[in-house]
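Colleague: With the hints as extra help, turn the sequences into a complete structure.
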Amino acid sequence: MSEITAVTQENSAPPHPLKEFWKYFSENKGAVVGLYVILIAVFLAVFADYIAPHNPFDQYRDALLQPPSWMAGGSSKFFLGTDDVGRDILSRLIYGARLSLFVGVIVVTLSLAAGIVFGVTAGYFGGIYEILIMRFMDIILALPSLLMALAIVAILGPSLQNAILSIAVVVLPHYVRLTRASILSEKNKDYVTASRVCGSGPFRMMFAVLLPNCMAPLIVQATLGFSTAILDAAALGFLGMGAQPPTPEWGAMLANALQFVQRAWWVVTFPGLAILITVLAFNLAGDGLRDALDPKMKR
Amino acid sequence: MNEKTIIKARNLKKYYTIKDGMIFKTSSTLKALDGASFSIKPGETFSVVGESGCGKSTLARLITMIERPTFGDFEVDGINAVTSDPEAMKALRERVQIVFQDPYGSLNPRKKVGAILEEPLLINTQLNAAERREKALAIMEKVGLRKEQYSRYPHMFSGGQRQRIAVARALMLNPSLVVADEPVSALDVSVQAQVLNLLMDLQDEMNLAYLFISHDLSVVQLISNHVMVMYLGRPVEQGEKDIIFGNPIHPYTRALLAATPHVDGKDRTKRIILTGEIPSPLNPPSGCTFHKRCVHMTDICKETAPEFRSVAERMVSCHHAEKFS
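From first to last, the protein sequence lines are chains A and B.
Counted from 1, the first sequence has number 194 at position 194 by our numbering; the numbering is strictly sequential.
Counted from 1, the second sequence has number 239 at position 239 by our numbering; the numbering is strictly sequential.
Hints were generated in silico from the structure; no laboratory data involved.
Fair warning: there could be bad hints in the mix.
Below 20 Å or equal to it, Euclidean Cα-Cα: the simulated PhoX-like pairs (lysine-lysine) are [unchecked claim]: (1) A:K189 x B:K111; (2) A:K19 x B:K302; (3) A:K187 x B:K111; (4) A:K29 x A:K19; (5) B:K4 x B:K41; (6) B:K112 x B:K135; (7) B:K112 x B:K142; (8) B:K90 x B:K8; (9) A:K189 x B:K19; (10) B:K292 x B:K8; (11) B:K31 x B:K13; (12) B:K302 x B:K323; (13) B:K292 x B:K302; (14) B:K19 x B:K31; (15) A:K19 x B:K111.
Modeller: The structure is reproduced here in structure tokens:
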């Protein structure tokens, strides 16, 4: 027992990696702000049922296109006003955060997982297998991403699930290329050879030895990928290929209210702002993460 | 005990094919290692010396079974390590371990020392976590690391300590041969001595054999039993240490030995300065590969490659060997 305590005490002497990471991350004020915005968005999404003043689907027929509460004609009942069928915009935005973050999580998880598998195996095995995978990824990259996503959704049929799937396919090449590049730079290092000399099989080499040393750029890409996914999902929703009405998805909200932009600016502005702020927050946090995880930036 | 040999290499060769050109592909053969034969007994140190690019590290990669030789074969503990089936090969891999030159690149930066040391056990044995930990701690003590360093990351150590960790990892599976690929050339001189002493102590304790690769002749002279001098992928002189160091025959060996700095005034020999670069192994000179830099070069050296033959108790490949002995 005394031995174990001695070990933990020794451990606490050098700064914990997380603590060190936070030191570098917190130097970037924008990144910290971004992180707080993300945390708020997550909080709103998780507790939407308790925070949102109204049900996002309830239509208040007596309050169609009501302006925000601080304007003439607005009421304190609908803080950000209502849309063309009398639904509370604030509540729809709060529930929309749930959808947008959900899209981000699923897209990033899918493309990161697939990207790691393809990238690691391509980088490790090389040869014709690598050429096949990388050229296929080049083909995906050669097509405009939104067009490609649109085409996939058009084939599968418009729905949120299909939008998620298509976005995951479109962003996949970034992860594959990044993973492969890291693997290529790591795989000739001595510690990898040492692991092989003591008998590691290919599976162990790829996922237990190489992958942990390739994670830093992937974490950054995944964070930045969140914003791309949210943006693409909103774009697909806007074009009618993503979430279908009456789902409170930010992009779809924008699209449905477009015809009222002249006389009711709030129906378009607030979903647009929600998208802007969330995407900006993820980009800022991602940038901060990149700086914090890059060993070359450390003093 | 001494009758047994751990490694018996016969005419090992490793050729690489280099492809060049975009449309008209030309391929040329790089003879990284062109025929090396030797044997190592338990408790012995066999040193390989030579300039950069002479095939020392290729030899290390062949012996540790990272790569397969193009020609020739070798035996580990009497079992052929080139033609055996994969199962037997896996068992042989445990017998030969390696210590790399750069202690900063050879330890996985994401793993704690304990995990690095236990990896060989995890892969090759059925020991449980507690037993593995016990073994790792035992080895750590042997190489002069403290118990509490078990759960630290490699970046918290100095170069010398890292090399101790690397040595400890090589010993985890109780190998009979450790290939040491320039294990001290990345370290400070004072730390070099510590690591060398450690290697020597471990050799006595565990009856280890070393295949010691180095370009530092003073280190080689200190620790080896046998020496092989290589030039451009070929051994040029090979034999017992005292014989080679006492009376070098090949002009290249003599130049190398003369280039080693001596503190002692009386030991100082006349410098032999080699001119020119080491030739490209892609396009080695005709005849004796050393003839372009050799001061004793004659016509025969340009035309025919000298045989690797026995002269004055050692093997040497020089047409004029008898003249120098």
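Colleague: I'd like to know which numbered hints this structure contradicts. Please list them from smallest to largest.
Modeller: 2, 9 and 10
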